[in-house]
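Model the full assembly from the supplied sequences, consistent with the hints where possible.
Read top to bottom, the protein sequences are chains R and V.
Take 1 as the starting number for the first sequence in our numbering and just add one per residue.
Take 1 as the starting number for the second sequence in our numbering and just add one per residue.
Please keep in mind that the hints were generated in silico from the structure rather than gathered at the bench.
There's no promise every hint is true.
Below, a sample of chain V positions facing chain R; criterion: calculated Cβ distance under 8 Å [as the list claims (entries may be wrong)]:
(1) Pro102
(2) Arg163
(3) Leu215
(4) Gly217
(5) Lys223
Built from N, CA and C at the ideal position, the CB exists for glycine as well.
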Amino acid sequence: MKTTRAALSLRRYLLLGILVPTAVFMLVNTVTLYRQALAAVNTAYDRTLLASAKSIGEMIEVEGEGTLARFRTNVPYAALEAFEADNRSRMVYRISTVQGTLIDGSPELPQWSGRLPDRGPYAALVDFYDASVRGEDVRVAVLLQPVASSRGMGMVTIQVAETLELRQTLARQILIDTLLRQSLLAAVIALIVVLVVQRATRPVRALSVQLRARAEGDLHPIDAPDLPRELHPLVDATNQVMARLHDLLANQKRFVRDASHQLRTPLAVLKVQVQSALRGDIDQTQALREINGTVERATVLANQMLALAKVEQLRQQADAPVIDLAAVVRAVALDLSPLVADKDLDFGIETLPAPVRAHEWMLRELVRNLLHNAIKHAPEHSVLSVRLHTDRQHLVLIIADGGPGIGDELRARLFQPFSAGHNRSGSGLGLMLCREISTALGGQIALDNRLRQGRVVGLDATVRLALSLS
Amino acid sequence: MRLLLIEDDPDLQTSLRRTLERKGMQVGVCADGRHALAQWQQMTPDVVLLDLSLPGLDGLEVLARARQTGMTTPVLILTARGTVGDRIVGLNTGADDYLSKPFDLDELEARIRALYRRAGGVADEAVHEHFSCGQLRLDNRSGAIHHGFKVLDLSPRESRLLRALMQRPGRALAKEQLFDVVFPGASEVQYEAIEVVVYRLRKKLAGTGTALLTLRGLGYLLKAEA
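Structural data, given as structure tokens:
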């Protein structure tokens, strides 16, 4: 099973997936809101500051004429009090000529020496800037005020400064408010997500509990009608797997039962044979010959069962080499040639090179079983032919005997071991082995009666496998 | 010939010992893997029969230790495991041959004698082997083939072909193998040439109680006629 990402629970996945982006979004939102509020506050206070500068400007007159002309101010001590928002903020002003000569007000406020920016909303000659007076940060509004009388006209610079405490207090207030509100929102969203996820995953957890509580070997289909619709395909697929496992297990059980029965049978036969020989019922030499036959059959049976287990074992090993089936077929034919000679069969073989990716043992076992069956069922002096043909992608191996073929009733149970029809000729394990091997190699096997004029004249065992092209 | 049988099944031990002693071999037995090596060194057998599933110490382990200590005695492994994997492991560990249970007694004896001969021992009574098929008898030492008391009159090629077939009675030989035997060192491979030799030989075999069968596309086989 994969860990790390795959192991993240659905609940955690949803929580993180929803809450993290939401939190980031809220943070950005908070910063933006705070900035906007701050800008709005600044604009409002700046306007007040400007209004105070303008009202001071109203109080400036020009006295005298020509070179004697000078500005005269009449700013009362409490002129600015009306503009102070509360007693935390303090205001100072300075009126000076454009050249910087102090006319009135506080000399501690440094002379403005900037250039006027192009400020659309303020038609007058106005600017705002930050400065410091007596070590305190202040916001300054500067106004260039033309002063005119009937006899002359001049320009004065009016600066009004205000300490920042009030603005800062207000900004902090806004920040705290915004943060509180956003945190509350985040908490509500988190709560909702947790509840929804909890609710949505409840059927899954219930199903897990149900599955975990199952008895070993309990492969009944999962019944969970209240599961979300998205999970139905998963449950269906699981049920299918369990159904297949159930069948497999049933087959396995039947096989073990039948196999033990089959293994016990020769032991029973042996016992009877030995006892009848001991009691003198039959000639001892004959008894021994019969016993030898029984042992021979039991050996075949045991070997076939081991072979079946081995197919399974080899199937797990992926590193099969490429082998020429033609060579295997010829070698097996040579091995079985004494049996061919015993029956004096009219034997013929035709092969083309046929490279297959497979363990050699599997191919030998497949060919040996099929050829052995064919020889066993072939009447004496009959024709037995082995043909190995290939097309571009496949090979076809046909072992054709001149035997009696197979009846319909046997055909249905052909690859099932130990079924009744097999008893006279063998256990049926050999054919099962052939089919297991063919399947393991990704091929097919078929046994078909060969007909001539509606009469069965023999059996064709056909194996199709994919060629290994390299 | 001295033989050490390392086998833990008492029934098999008794039967094998009885049979092999009757064949004139001295048989020592050992049923425990832990004592096997000591007995092996003490007895210095000519051939060792080794079962793989032993109590105390696994047969393969016994073999590996024996080879490590420099024992070169030929070893024939007997086992019921019988899988390809075991076979390869056995031969890699230093076994000389391998027989899976259940086995044929004649086969066992033949393998033991073959190992003994290969190791340089003088096969006591079986040195003068001969093969027979029908009324034919091949004298392995002289290479002559007798029909009754008469020596068959064969050409060298026919004689080589028949000898090869008689050494594997009842079993087919591939025509490729036979071609190399009949036409040694032939530069051009023409399998049809064999057919001519077979045709002539078949005629000469008439009345010898043997039949030379053709397995089309595969090879030839000599069998005794019933």
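Quick one: which hint numbers does this structure break? Sort them smallest to largest. 2
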